[in-house]
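Novice: Sequence:
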Amino acid sequence: MGSREVLGQAARLASSGLLLQVLFRLITFVLNAFILRFLSKEIVGIVNVRLTLLYSTTIFLAREAFRRACLSGAAQRDWSQTLNLLWLTVPLGVFWSLFLGWVWLQLLEVPDPHVVPHYGTGVVVFGFSAVVELLGEPFWVLAQAHMFVKLKVIAESLSVILKSVLTALLVLWLPHWGLYIFSLAQLFYTTLLVLCYVIYFAKVLGSPESAKQQALPVSRMTNLLPSMTRSRAFVNWEEAKLTWSFFKQSFLKQILTEGERYVMTFLNVLNFGDQGVYDIVNNLGSLVARLLFQPIEESFYIFFAKVLEREKDATLQKQEDVAVAAVVLESLLKLALLTGLTITVFGFAYSQLVLDIYGGAMLSSGSGPVLLRAYCLYVLLLAINGVTECFTFAAMSKAEVDRYNFTMLALSSSFLMLSYVLTRWCGSVGFILANCFNMGIRIMQSLYFIYRYYRKSPHRPLDGLFLSPVLLGTFALSGGITAVSEVFLCCERGWLARLAHIAVGALCLGVTLGTAFLTETKLIHFLRTQLGVPRLADKMT
Numbered sequence: 016m017g018s019r020e021v022l023g024q025a026a027r028l029a030s031s032g033l034l035l036q037v038l039f040r041l042i043t044f045v046l047n048a049f050i051l052r053f054l055s056k057e058i059v060g061i062v063n064v065r066l067t068l069l070y071s072t073t074i075f076l077a078r079e080a081f082r083r084a085c086l087s088g089a090a091q092r093d094w095s096q097t098l099n100l101l102w103l104t105v106p107l108g109v110f111w112s113l114f115l116g117w118v119w120l121q122l123l124e125v126p127d128p129h130v131v132p133h134y135g136t137g138v139v140v141f142g143f144s145a146v147v148e149l150l151g152e153p154f155w156v157l158a159q160a161h162m163f164v165k166l167k168v169i170a171e172s173l174s175v176i177l178k179s180v181l182t183a184l185l186v187l188w189l190p191h192w193g194l195y196i197f198s199l200a201q202l203f204y205t206t207l208l209v210l211c212y213v214i215y216f217a218k219v220l221g222s223p224e225s226a227k228q229q230a231l232p233v234s235r236m237t238n239l240l241p242s243m244t245r246s247r248a249f250v251n252w253e254e255a256k257l258t259w260s261f262f263k264q265s266f267l268k269q270i271l272t273e274g275e276r277y278v279m280t281f282l283n284v285l286n287f288g289d290q291g292v293y294d295i296v297n298n299l300g301s302l303v304a305r306l307l308f309q310p311i312e313e314s315f316y317i318f319f320a321k322v323l324e325r326e327k328d329a330t331l332q333k334q335e336d337v338a339v340a341a342v343v344l345e346s347l348l349k350l351a352l353l354t355g356l357t358i359t360v361f362g363f364a365y366s367q368l369v370l371d372i373y374g375g376a377m378l379s380s381g382s383g384p385v386l387l388r389a390y391c392l393y394v395l396l397l398a399i400n401g402v403t404e405c406f407t408f409a410a411m412s413k414a415e416v417d418r419y420n421f422t423m424l425a426l427s428s429s430f431l432m433l434s435y436v437l438t439r440w441c442g443s444v445g446f447i448l449a450n451c452f453n454m455g456i457r458i459m460q461s462l463y464f465i466y467r468y469y470r471k472s473p474h475r476p477l478d479g480l481f482l483s484p485v486l487l488g489t490f491a492l493s494g495g496i497t498a499v500s501e502v503f504l505c506c507e508r509g510w511l512a513r514l515a516h517i518a519v520g521a522l523c524l525g526v527t528l529g530t531a532f533l534t535e536t537k538l539i540h541f542l543r544t545q546l547g548v549p550r551l552a553d554k555m556t
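Each residue of the sequence shown is one higher than the one before, starting from 16 at the first, in my numbering.
Honestly, I wouldn't trust all of these hints.
In silico SDA-like cross-links for lysine to any residue, where the CA-CA straight-line distance does not exceed 20 Å [what the hints assert, rightly or not]:
1) Lys537 / Pro484
2) Lys321 / Leu86
3) Lys333 / Pro473
4) Lys165 / Leu306
5) Lys321 / Gln332
Quick caveat, the hints were computed from the structure, so don't treat them as lab data.
Let the hints inform the model, and build the full structure from the sequences given.
Specialist: Dropping the structure here:
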């Protein structure tokens with residue numbers, strides 16, 4: 016397959032299921048906004064930080080390495096041994112949920128039962144829900160290995176929406192239940208998620224004429240259960256060794272992903288109320304990254320990995336492929352920079368309004384607006400880092416990847432220390448500043464790699480990080496106008512003033528996008544051609 020065909024495939028992957036995910040996220044966003052009106056900051060902090068960290072840590076320690084090992088390479092594998100290995104996640108999950116549950120109950124600060132009732136029950140149920148979710152792990156890996164993408168999107172989105180609906184109803188009808196509400200909703204979510212996969216495979220395996228059933232390595236539901244035979248080992252020991260290797264590598268990822276929650280939980284740098292506000296702002300700010308940047312990064316990583324050869328210099332590879340990769344990288348950098356700048360510039364003037372609409376005075380007063388403004392800057396860095404790292408990881412040699420892993424170890428340690436120091440100094444915004452510092456270091460590393468990779472070729476993909484002076488001036492003017500508009504129109508002067516503030520922002524955004532359309536013609540051409548590729552391919556299939 017040529018580089019341009021691979022590019023078309025990557026574009027289709029990036030758009031696959033995106034509209035469905037946006038729709039589900041929008042529904043969940045509205046439900047969560049409703050739920051927040053009835054909760055205290057302390058309950059939000061306990062549920063979203065303390066209990067969710069218990070659940071995510073248990074899940075990570077029990078399954079992350081198994082997923083990566085069982086989805087790596089080896090198209091020809093003994094699936095009965097792979098499934099046996101995956102079932103080991105359940106007893107491992109039981110062990111970690113019991114151990115971490117003891118830590119959460121005996122070693123960590125326990126909230127005031129008058130402010131946050133039923134904390135002990137919450138710890139037990141959240142740990143148990145992690146074990147329930149692990150029961151679906153063999154089904155999940157089998158679905159991923161056979162590219163059942165829509166199943167994953169629908170199962171996870173449907174479970175999240177129904178969990179939010181149940182939470183909203185219980186908060187409305189039985190607010191005195193406290194953490195019982197969120198414990199019940201969490202257990203409902205994991206049970207429903209597992210049932211979606213079980214019911215789907217039961218239906219597929221029950222239809223022998225189905226093309227999907229014929230493609231699967233199992234023919235009956237009982238084949239998915241653990242099995243022992245005398246003719247072969249219970250598990251593939253090579254996969255088991257690979258699982259251990261992935262566990263050691265991915266531990267760094269967990270520290271970087273959940274680092275601020277570990278600092279909050281174990282070092283008590285913030286009270287439960289501030290933890291709740293920080294987590295809400297963090298989830299709200301990362302919404303764009305999850306919906307827009309993540310699908311693009313994942314899909315174009317596949318493109319770069321297929322087009323470029325890891326162990327070869329750019330001058331020794333097929334020059335057409337190197338040129339196409341450079342054009343795509345330059346366009347993606349420009350797109351990430353424009354998107355991030357737009358969010359940063361307009362986010363500063365509209366953070367307080369967004370938080371007031373989303374969560375009321377609980378979020379829009381106090382530290383909330385400052386946190387979201389800082390997060391808007393972080394989104395800009397996230398966008399650029401996502402693109403640079405997706406190219407870097409696809410083009411690095413094995414030795415370079417190993418060196419980068421060592422750097423990640425140093426970064427994770429410095430991030431935790433910097434988070435603690437900055438949070439002690441300037442409150443919860445210190446976590447975002449530490450993330451910005453961490454992301455800035457990673458961007459500089461990736462930019463240096465890209466510069467070295469292309470320095471002997473005529474291609475300059477890093478030109479994507481330079482915008483025209485006219486467009487930069489438009490961004491600056493829009494930022495100034497919307498800042499003045501916020502001072503005079505937002506957010507204590509009624510809804511007419513708020514609507515006027517929104518209208519000013521919409522006008523400035525329109526002018527900015529229009530200027531980008533006229534000045535960044537190379538990017539517009541790339542978007543037009545690549546948006547056309549999936550449509551053309553869909554018509555031909």
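Novice: Evaluate each hint against the coordinates.
Specialist: We went through each hint and held it up to the structure:
1. Lys537 / Pro484: holds, 16 Å
2. Lys321 / Leu86: holds, 18 Å
3. Lys333 / Pro473: Satisfied, since the Cα-Cα distance of roughly 14 Å is no more than 20 Å.
4. Lys165 / Leu306: The given pair, whose Cα atoms are some 16 Å apart, holds under the 20 Å limit.
5. Lys321 / Gln332: holds, 12 Å
Violation of the numbered hints given earlier is absent; every hint is satisfied by the structure.
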